[in-house]
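Engineer: Chains A and B are the protein sequences, given in the same order. Be aware that the first sequence starts at 1, since it is given in our numbering, and climbs by one per residue. Be aware that the second sequence starts at 343, since it is given in our numbering, and climbs by one per residue.
The set of hints was computed from the structure by calculation and includes no laboratory data. A portion of the hints provided could be inaccurate.
To be verified - Stretches of chain A that chain B covers, calculated by requiring three or more beta carbons in the stretch to come under 8 Å of a beta carbon on chain B:
{"hint": "1", "region": "90-104"}
{"hint": "2", "region": "162-168"}
{"hint": "3", "region": "248-262"}
{"hint": "4", "region": "289-300"}
{"hint": "5", "region": "326-334"}
Stated by the list, open to error - List of simulated lysine-lysine pairs, DSS-like, C-alpha gap at most 30 Å:
{"hint": "6", "chain 1": "B", "residue 1": "Lys-783", "chain 2": "A", "residue 2": "Lys-123"}
{"hint": "7", "chain 1": "A", "residue 1": "Lys-276", "chain 2": "A", "residue 2": "Lys-298"}
{"hint": "8", "chain 1": "A", "residue 1": "Lys-244", "chain 2": "B", "residue 2": "Lys-638"}
{"hint": "9", "chain 1": "A", "residue 1": "Lys-266", "chain 2": "A", "residue 2": "Lys-244"}
These figures come from a predicted structure and were not determined experimentally. Cβ coordinates follow ideal geometry from the N, Cα and C atoms, glycine included.
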Amino acid sequence: MISRRQFFVRSGQAAGAVALAGGAGSLLSACGGSDSPSAASAGSGGGKLSTLRMQSAWVSDAEFMGYYIALDKGYYEAEGLKYTYLPGGPDVIPETTLLAGQAELALTTVEGVAKLVADEGAKLKIIGTQYQKNPSGVVSLEGNGVSSPADLIGKTLAIAPVGQITFEALFKINNLDISKVKIVPYAYDPTPLLEHKIDASGDFVTNVPFTIEEKGGKPTSFLLYDYGLVLYNDVVVVQEDYLKSHREELVGFLRASRKGWDENFKDTKAYVPLLKQGFGKDTGRSAANEEYFNNAQKPLIEHPDGIYSMGAADIDKNIETLGRFGIKVDKSLFVTDLLDEI
Amino acid sequence: MLDGRSANRVRDVVADHLMTIAAVLVLATVWEVVGRLPASDGVFPSLSAVARQLWTDRDLYPPNASITLRNAAVGFVYGNAVAIGLAVAFNQVPVLGRLTRGLLVSLYCLPLIVLAPIIGVSFGGETPKVVLAAIAVLFPTYVSTTVGLRSADGTLRDVVRGYGGGRWAVLRKVTIRAALPDLLAGLRVAAPGAILGAMLGEFLGGRRGLGVLLVATMPQAFPERLWGIGLAAAAVAAASYAVFAVIGSVVTARQQSPVVAVGGVAAVERVGYLPEPVWSLASFGLVAGAWIAYLKVVGLPPTFAKSPSDVWDYLVSGAAAAGHRSSFIDALQVTMPRAAIGLFCGLLLAFVLATVLSLSRALAAALLPVALFSQSMPLVALTPLLVIVLGRGNVTVLAITTSVTFFPSFVTVSQGLRSTPTAAIEVLQIYDASPLLILRKVAAPGALPHLIASARLAIPRALLGVILAEYLALGTGVGQLILQARGRLEFSLLWSVAAVVTLISVIAYGTVGLLERWCQRRFGVEQ
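Sequences and hints are given; from them, build the entire structure.
Structural biologist: The following block contains the structure:
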């Protein structure tokens with residue numbers, strides 16, 4: 001597949017600036033994204049492309065559709081960027097990849113970034129947010145009687161390490177005693193829920209309910225967002241120094257990625273084959289699962305002012321929620337003027 | 343099997359293979375039957391269902407398995423090259439070996455769930471996976487090579503010296519040849535470790551690989567595929583085990599019977615005239631120095647890469663240190679008894695099985711595939727399923743801990759039983775003693791030092807096994823501390839957990855070493 005893509009890109013090069021203008025997109029769309037350096041560095045008629053590596057938060061699935069589309073359609077190249085998508089996983093802490101200099105950009109949780117800035121003095125800035133509403137929620141089965149945080153009292157709830165801070169905050173904000181909930185580790189596997197070994201799990205409401213339905217269960221879920229946990233997720237984070245020295249590239253990244261997401265949401269099924277033939281080729285996830293995910297995340301990502309926007313009122317609410325975690329940050333963590341330049 | 347006469351060799355080999363095949367068939371039948379029980383529904387699918395899924399997924403495995411195998415193989419080569427190089431160098435210059443032993447033991451005792459994210463951000467691309475595979479093989483190979491190098495016949499050494507051969511001639515002509523069987527036995531055990539190391543590395547992200555497939559499969563409540571991935575990983579590990587077993591049997595057929603002891607490195611070798619506490623202090627300093635040097639060389643920032651002084655501050659001198667210490671003590675009070683019980687069960691099982699199976703070579707050959715299989719299954723993915731069957735309690739902890747400590751001990755004790763001096767057995771045979779009596783009088787006491795030697799390697803594994811179970815299933819003890827540190831990005835806590843767990847393991851390792859030396863003197867078994 002990579003060699004096919006290289007072939008197309010090289011012929012695109014020979015044909016002039018077609019690839020640059022994004023006109024080669026339709027040619028490329030059948031071939032999926034590519035992490036081949038030669039493919040990514042080809043193109044640009046003018047100067048050298050700037051390297052931009054983005055550490056993602058999870059393995060390749062519909063959560064990151066916008067980037068695959070932008071990469072495939074040549075939107076990054078058109079902005080003069082040599083963009084590399086680094087898939088994540090359960091042992092990846094994207095903030096540390098960024099701080100260690102293994103990536104220029106990272107997608108991660110707003111509470112993680114804020115914690116490192118407040119407690120460790122990390123020099124990080126958030127330049128946009130993929131999710132306006134955090135997809136994190138509580139997933140359960142109909143009949144388990146879990147439809148709000150209060151229903152969790154006396155129940156067994158499985159949460160992954162990354163959800164620890166948010167769930168502590170959830171109970172605090174809702175004036176509930178977390179010690180009355182039996183909390184056990186969660187490995188993103190809904191089997192214990194289906195087997196009634198746990199009553200609920202903390203997970204993205206955009207993904208696991210599909211599996212539960214497929215297995216004949218009746219999923220229920222609620223967003224933490226709707227119970228006072230007003231938080232962004234998959235925020236775009238950079239180091240302060242990089243922001244100072246590479247502002248244009250970052251604006252270019254946001255512009256290209258927004259285009260990718262806009263394209264994705266025109267039809268949430270259209271680009272699933274691209275994912276299945278590209279980054280998600282060998283993950284064994286079904287196309288139907290990805291379609292469900294992509295459809296479910298649409299209202300959580302879209303914003304009237306454009307994808308990645310961070311409205312002043314929303315920023316204030318995020319800061320207030322973080323304050324309830326005991327994480328004190330101010331507005332300067334959120335840099336909104338790059339978005340204005342898109 | 344207690345005799346080593348080559349006349350029976352051919353017959354034994356045939357019997358081994360027949361029994362191995364029979365054992366695999368029995369295992370497959372049990373799996374099929376248990377998988378079809380209503381209680382297994384949705385958790386433990388029948389073998390035929392797993393096989394059907396493997397066939398459906400046939401396009402999924404080559405791209406994923408090939409990248410895992412590649413990273414595991416590269417890590418295996420690098421890790422073993424370093425291990426063998428160090429073992430040879432330290433054999434020539436024992437002072438160096440004594441000085442760096444603490445460092446190597448620490449590396450072996452470091453909890454991988456804490457280490458993996460650090461390795462992950464230290465290198466780009468596929469390198470973290472290779473490094474984790476290399477670390478997984480480093481210590482076991484170092485130990486088995488060291489044992490092998492020491493097993494060289496003193497008389498042969500004297501002959502080479504007598505004809506004017508120097509230190510290097512002895513090494514080349516005698517020591518390395520003598521070490522080969524032990525080295526190959528070590529590589530055999532190391533191979534599955536490399537595969538699991540590479541898969542753990544893939545939890546750090548990656549586009550493909552068996553670990554990536556595993557992570558993507560877990561949210562799908564898809565036990566057929568989950569067990570299929572486990573089976574594929576086990577098959578790859580078993581194949582690499584078999585390759586070294588064949589090489590090993592070819593090599594040993596040309597040589598005298600080997601004294602293989604994977605865990606049998608002498609605990610307290612006398613080097614120079616320095617007292618033991620001085621060495622311990624030097625080792626301690628070297629570990630701290632290596633820690634600081636690693637952070638400097640790789641260039642990890644202090645926002646998350648904590649130094650020994652940060653850990654000291656967190657646990658000892660800082661304003662909140664008392665509170666931190668008490669949460670550690672609480673956690674350790676939960677974790678340590680569990681580790682001790684798990685260690686005991688694992689060792690007992692290993693000793694009993696190895697002893698019983700020493701009476702029948704065929705039975706031993708039959709059990710090996712089962713034991714190997716249990717070692718190659720990725721616990722991270724199967725723990726959620728294990729929890730459904732066994733619950734979120736001490737039974738699960740015990741199952742995981744026993745499983746991670748059993749295999750290396752079993753291999754070591756089995757080899758110990760096999761290395762019983764032939765002369766001692768023949769004396770008893772002349773008096774028409776039964777195999778059971780031979781076992782009781784000669785073989786079992788002879789294997790005791792091997793059991794204690796294997797306990798040393800098993801202690802860190804037991805502790806890590808308990809922590810893994812707590813981290814993945816229970817959410818208590820030291821595992822909970824890691825969950826908290828990872829979840830709340832409390833990096834000082836994370837590094838402190840690594841330091842404390844490693845320190846405890848190293849101290850236990852050293853203590854068992856002393857016990858081992860006493861045992862060697864008591865039972866008169868030469869190293």
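Engineer: In terms of beta carbon proximity below 8 Å, does the region 162-168 of chain A have 3 or more residues touching chain B?
Structural biologist: holds (count 4)
Engineer: Per the coverage rule (Cβ-Cβ under 8 Å, at least three residues), is the region 326-334 of chain A covered by chain B?
Structural biologist: violated (count 0)
Engineer: Given the proposed pairing of Lys-276 of chain A with Lys-298 of chain A, does the C-alpha separation stay at or below 30 Å?
Structural biologist: With a Cα-Cα distance of about 19 Å, the restraint between Lys-276 of chain A and Lys-298 of chain A holds, given a limit of 30 Å.
Engineer: Taking beta carbons only, do three or more residues of the region 90-104 of chain A come closer than 8 Å to chain B?
Structural biologist: holds (count 11)
Engineer: Starting from Lys-783 of chain B, check that the Cα of Lys-123 of chain A is at most 30 Å away, please.
Structural biologist: Roughly 69 Å separates the two Cα atoms, so the pair is violated.
Engineer: Quick check: do three or more residues in the region 289-300 of chain A have a beta carbon closer than 8 Å to a beta carbon of chain B?
Structural biologist: violated (count 1)
Engineer: Could you grab the alpha-carbon distance between Lys-244 of chain A and Lys-638 of chain B and see if it respects the 30 Å cut-off?
Structural biologist: Given that 30 Å is the threshold and the Cα spacing comes to 25 Å, the pair holds.
Engineer: Can you tell me if the region 248-262 of chain A counts as covered by chain B, using C-beta to C-beta distances under 8 Å and a minimum of three residues?
Structural biologist: violated (count 0)
Engineer: Checking one constraint from the list: CA of Lys-266 of chain A to CA of Lys-244 of chain A, max 30 Å. Satisfied?
Structural biologist: 34 Å, violated
Violation of the numbered hints given earlier is confined to hints 3, 4, 5, 6 and 9; the remaining hints are satisfied by the structure.
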